[in-house]
Amino acid sequence: MLNASILTWLTFLPALGAAVVMLLPRRGRAPQVFTLLLTLLLFAMALHLPAHYDYHQQQGFQDELNVPWIGNPNIHYHVGVDGLSMWLVVLVSFLAPLGVLISWRVIEDRKSEFYALFLLQQTAMYGVFIALDLILYYAFWELSIVPLALLIGMYGRKNGRAAAIKFFLYAFIPSALLLVGMLWLYAQTGTFDLVQLQQQLHGWSTGSHATGLWLTSLAFLLAFAVKVPVFPLHGWLRDGISEAPTAVAMILAGKLGLYSLLRWHVALFPTEAAHIAPLMVALAAIGILYGALLALVQTDLKRLAAYATLSALSFCVLGIYAFTTASMDGAVYQILNESISASAFFMLLGILYERYGTYDMAQLGGVAAKMPRLAVLFVITTLSLIGLPALNNFVGEFLILSGSFQTHARIAAVATLGIIFSAAYMLWMVQRVFYGAPSAHVTGLVRPDVNWRERAALWPTVALMIAMGVASLFWMRAIDLTVPAMAPKIATAHTAFDARIGSTR
Amino acid sequence: MTEVSPALRILPEILLTVTGVLVMLVESVLGVKTSRKPLGALAIFGTLATLVASVYQLQLPAGTAFFGTVQSDAFSVFFHLVIGGIVLVTLLVSLDYFEGHSSYVGEYYALILFGAVGMMLMTSSVELLMVFISLEISSISTYILAGYRKRSATSPEASIKYFLLGSFATAFFLYGIALCFGATGSTNIYEIAKGVAGGASPLLLTVAFGMMLIGLGFKVSLAPFHVWTPDVYEGAPAPVVGLMSTAPKAAAFAVLLRIAYGAYGTLAHVWMPLIWILAILSMTIGNLGALTQRNVKRMLAYSSIAHAGYLMVAFTALAPMGIAAASFYTAAYAAMNVGAFAILSYLSGFDEKRTNLSDYAGIARRHPVAAAAFAVFLISLIGIPFTAGFFGKFYVFTAALNSGNAWLAVIGLLNSGVAAFYYLRLLAQMYMVTEEQTVAPDNVHARPAFVLGVAILVLAVFALGIFPNRALRLARAGAATFAAQATAAQNISAAVLPR
Amino acid sequence: MHLALFIIFGLMCLGGAVNLLLQRHPINSALSLIVVMSSLAVLYLLLGAEFLALAQIIVYSGAIMVLFVFVIMLLNAGEEERTHGSRAAYLAGIPGVMALFAVLTSTFFTLRTSFGSARLGGFLVTTQDLSRVLFRNLLLPFEVTSILILVAILGAVVLAGKER
Amino acid sequence: MNVLVFILLSLLKVAVVTVIFLTAVAYTVLLERKLVGRIQNRWGPSRVGPFGLLQPLADGIKLFLKEDLMPDEVARPLFILAPIIALSCALISIGVIPFGENIRWHGVDMFQIADLNIGLLVILGVTSIGVYGIALSGWSSNNKYSLLGSLRSTAQMISYELALGLSVIGVVLRTGSLRLRDIVNVQNTHGILSWNIFGGLQLIAFFIYLTAAFAETNRTPFDLPEAESELTAGYHTEYSSMKFAMFFMAEYANMINVGCVATLLFLGGWSSPFGNLLPAFGGPLVQALLPVFWFVAKVFCFLFLYVWVRGTLPRFRYDQLMGFGWKFLLPLAIANVMVSSLALAFRG
Amino acid sequence: MAVPIAWYLILSAALFSIGVFAFLIKRNIITIFMSIELMLNAVNLAFVAFANHWHQVSGQIFVFFVMVVAAAEAAVGLAIIIAVYRSRETLNVDQINLMKL
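Protein chains in written order, with this note's numbering: chain A, 1 to 505; chain B, 1 to 499; chain C, 1 to 164; chain D, 1 to 348; chain E, 1 to 101.
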């Protein structure tokens, strides 16, 4: 019984919590405490999913709930998780308390609203990951935009409003096309259900609906690619990330779009996805290099982080559209890794900013001497982001690159350059900020090192970086069961090689 | 067909009329200085009774009365409920609005009630003469209501513009009716349908439809007949704008549905392209116009043009689906737009001192609850899921796609993307900008009636967005009456006008 | 006879309408409109609508237009100023009106044979005929008209009245 | 041939009626002057002709020969048009009024110019057009007294027209026709008892009609438009000579019209007050002319009443006048319509 | 001699078009309003003509209702005009432009 309703509870508890937060007294720490407790509870509940995951079930979804919502058009409240979404749900639950901890003292103005919106976007995230009905999915997808935009706008730095509107429009307008595509699908098939759609669309790529299907798949792709973002569509990312408060920057990019690409593009339109794959792979490669190169020349830490994020996310895109078992597994794994490491990175940047009031590298320098603990955490995170073996990103990046080498060797080679660049700008950044002679700005201010609360937020991520780098198989089990099945048939030619790669891990 | 007392067919209208007359009678015995709130309460109770009566009408078998001039069916009941709901909320919201600012408050309630009678009759009449008369009742009362802030310079101006263009439109609509009459020899919708199906000159009928479309296009402010909308909405008192941007439009759309599908069903291929053009123009002009506005009321005016365009998209869909979608959309649009103007009226007061975008800077801090409600309505206007606006658009575009108008849906949804920008600008202004001390500190207090009205609207927005089933069923039942109309036309032929 | 009357009063109608357009003083326009309305009354007579003809005179010429003239006098509306109207009115208006006229006229012209013709006494509606339809088949619209008038009265009071 | 006779006879009829009517107008003026004189304990005109009977002629010549002044700043066409409208409207009404029994000679109705199905409406319609004469005269004179006078007058006429129109509805309901002959025919069975004023229970309606008619003709006690103490001569101010004469004639013609209509509607028209009590006597000529006598007698009574009222009642104040019209007369008229229709409905 | 109904209709179309045109180019509110009345009259003529064509009484009754409506509109419209004049002292539509169109 719990299995059937756990996802629903997980999804709607935060929304309920948001309402409670608004009603709590505004003075004091009540909103933080309440939100922290709630997110911890959610995390505990989310852990129920992997704990009871049935690894014997090869196909389909678990913890499913499927009840009619609206009679006509035929919309169901259909939720469930598989190996792909389960970890994402856990990931979201894991990051939420950290976000609360890191915002603990940063957000003082309009606190209740902040935590309410934070919880609301939590609902939207869960919803996106567990929805198996297109409309339900779309509802949460759209819903996720509003709280994020508000959070950026209300709690952003200087140009928060512009960044928020930019983000919203970038996300919203392609969504309109997505909706058209969905409605077209419904008009043709009479269902919004993922599973039924997959079955019905089978073989349509060559049938009379080929053109419509092709356009629909493009509409879907566009909406998701913007949200990732994929290379030419990343206009909102820099402002969004550099303006967003830390807790928001942690969840802004990546997960939703990448997950959607896999679930609703690759898995729903395998043939069309295979057709567009070369383009996507190329764009991913460009994104990797472009992000990395721009990151090299940034002086603002948040902007550097933004371009680094673009570069890292492009890796995931590359992995997905390379369409080999290894690359796709790697891409999914990399989503988790990237989220964790980038979150840690953003939290650290947030702490730095809190201490010194700037993201400008020129003003920072020699921080390590002042805050050794922070420096340690920072370096570990940096190494993780660079892809140091035994840390989490290495596994993902390696799988992606090795997988994509088989299908797109030249592009993969180019992408490898990206890793080198990333090592360059990250290390250079660490060198400029933490080492060398302390700048006047830093010496002028006496600030405490990371406190217990920040440590409580940071150490779990570091622990996970290591755990995921060392014991990747634990996570891979569920992913491996689900993700390769999503790949178009085109990839089967490489099964033999994949098997070999698979055996190495 | 079982015999139903004719009075039951127009029971809601009768109740509302009686209430209106009572309001006027009581007004005349109240002292000059006495508060007019009891009259408002009376009007509210009358409206409630009307709503109950409308619901009761659902139990009657669909049928006509008074020699085939009015018909009560699920379709009319749906629109009765929408209009009744709008009126109810408008009354609640404006209970304190005019108090102490106008010496004609009692007349205000009476006008709203009588106007509602006209609108309701529009939705239930199947005789174009009846439509015309009730259209005029609703129009004239809204012309007057638009000019209610007599001391301001803009309100009479709004009133005269509304009046002139409205009457202009009426003349077109009337010419359309005349041509219809000329083509078929009758002004009864079912008789016209018979004429359309066989015999009558399609040329004359098409011209007639064109003229009626122009007339109704003005009334519902479709582009290119929208020129009056921004000015009128800017000048008229905010609660009135909430009313007149929704209720008369809902009624006019109901009429248009009855004419298009009820009478002109078989000529759909002829009028469909006209509707396409109007839909695209309205959506585009409305949204682009709204983008450039600095005045919130004008912005919402352009947005209402755009929404009328979305609604027209539903017209292009096949009969039952399109009708249901259009009906649902009117309800959804009513909930959010009345709400937006209600909040506007609350924040800017009778003097309308807070109408520019910049006046809303940081409102969220000073009036957090009002701002939150406004945000809900705006988000619904954008079309974010779990709100009425989303499902409204969803059904409209589903209907359009089902009938193969994918390109129309694409244009529409892209438009709604553009639309998001200007709603968002206002949202951003409220939430993300720190307050500039441009507007003097105001001492607006939310009265219980106002809070109740807005609460009803917020609930409606969410109810239609999360559990739209019930409303949808009713809308679909209404649409089904059109399908059954072919048979009804035969039953009714005995009762129509003698030659 | 019929034809002659039609031509005379039809031309008076048109002349009055054009004069309304050309005159710059509102009162002259109003008088032209009265001419149009009265000529129309004669045309109604020709078409067998005798009651209507008189109603036209009483209601339109005798009541509505008096109201217009009254207001013109009350506000002492002077010569119309030749300000530049909105250019859109000219740009879109003139072709629009042309198109409207062309459409209507060509429609009527195309269908001219099917409409037949009217002769004096061919179709005469007596007051009894009228009332029989009005108070039976069209009873509801008739009753509802009372609400319309009520609204109009309210409106006149509200708008023209002074704030107390 | 027959048609030619018809046309000739009709034209002749029109000419005769017009001459008689205008003469009657002239002598109504004399009547008034005489009567008012008597009421005020003086003689009135008595020098021109025996008992002053040629006085109207002298007045007419004076007015015709006077210099016609036309002020510079008037709106010329309208200034000239206004009296023409006023007089012609006053003259048109007589065209539909029947003076006696329907007696035909060569197919021509001898005592009525045109017998229309909607005669009553024609009279109401013409009356309503008459307002323009006054409205335009005031406006075109370009004079504040004229304008105010005509504004007052117009408002007054519009206001009382409603009561006037409503007051005749009871009569029409009883008859079921708008043809004036039908209306009289209903009343000529039992003499005075079947007149509408008694038999048709239209006493109140008669009162309303009477009052409204006084106002419509701008007569005392409702002659505010020309209240000389405040507005000099009201809308007449700028008029002189022939044009003034036209207004003057129009006023008295209207008085006669109103009297005729009142007679037809309420006082049994040409029917004898004794009904069948009086045995028929005399030849066909007497038979034909006797009703005309009754008709003229009744109209004369009416005119007498007009003058009598003028001689005795003071003038209303303007707000009293409007209040009386809207707040008393109009509701009374509506009540009368309701009561009459209910009574008719119960009677069967 | 009979007159084709179509002539009446064409006359009505002409009157209507003149009304529309006057509505567009006239600059005095009252005159604009009068052109609307002209349009309504044109419609009435069409109704009467069609009533003659179909030998239908209802066509003529329509005209009554139009008259009533026109009267109601006139009452309200002129009241609005008076209200506007009170606040603006002008009847020129080009000067009644506090709000941009």
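Source of the hints: derived by calculation from the structure; they are not laboratory data. Hints may contain errors.
[Claimed, not checked] Computed footprint of chain B on chain C; a stretch qualifies when at least three of its residues, placed anywhere within it, have a C-beta under 8 Å from a C-beta of chain B:
(1) 18-24
(2) 102-109
(3) 144-155
[Said to hold, decoys possible] Derived list of chain E stretches under chain B, where covered just means 3 residues or more per stretch with a C-beta under 8 Å from a C-beta of chain B:
(4) 23-32
(5) 44-50
(6) 58-65
(7) 71-80
[Stated by the list, open to error] Have a look at the derived ranges for each label pair, beta carbon to beta carbon:
(8) D:SER341 - C:ASP129: 15 to 23 Å
(9) A:TRP9 - B:LEU318: 58 to 66 Å
(10) D:TRP105 - C:ALA99: 56 to 64 Å
(11) A:PRO278 - C:ALA99: 47 to 55 Å
(12) D:VAL14 - C:LEU11: 21 to 29 Å
(13) D:ASP68 - C:LEU11: 26 to 34 Å
(14) D:THR232 - C:ARG112: 53 to 61 Å
(15) C:ASP129 - D:VAL296: 45 to 53 Å
(16) D:GLY176 - C:ILE153: 28 to 36 Å
(17) C:LEU11 - B:HIS269: 18 to 26 Å
(18) E:ARG88 - A:MET22: 24 to 32 Å
The beta carbon of each residue, even a glycine, is placed where N, CA and C say it ideally should be.
Hint check results:
| no. | hint | result |
| --- | --- | --- |
| 1 | 18-24 | violated (count 0) |
| 2 | 102-109 | holds (count 3) |
| 3 | 144-155 | holds (count 9) |
| 4 | 23-32 | holds (count 3) |
| 5 | 44-50 | holds (count 4) |
| 6 | 58-65 | holds (count 5) |
| 7 | 71-80 | holds (count 5) |
| 8 | D:SER341 - C:ASP129: 15 to 23 Å | 20 Å, holds |
| 9 | A:TRP9 - B:LEU318: 58 to 66 Å | 41 Å, violated |
| 10 | D:TRP105 - C:ALA99: 56 to 64 Å | 59 Å, holds |
| 11 | A:PRO278 - C:ALA99: 47 to 55 Å | 53 Å, holds |
| 12 | D:VAL14 - C:LEU11: 21 to 29 Å | 26 Å, holds |
| 13 | D:ASP68 - C:LEU11: 26 to 34 Å | 33 Å, holds |
| 14 | D:THR232 - C:ARG112: 53 to 61 Å | 59 Å, holds |
| 15 | C:ASP129 - D:VAL296: 45 to 53 Å | 36 Å, violated |
| 16 | D:GLY176 - C:ILE153: 28 to 36 Å | 30 Å, holds |
| 17 | C:LEU11 - B:HIS269: 18 to 26 Å | 41 Å, violated |
| 18 | E:ARG88 - A:MET22: 24 to 32 Å | 48 Å, violated |
In summary, the structure is inconsistent with hints 1, 9, 15, 17 and 18 from the numbered list given earlier, while agreeing with the others.
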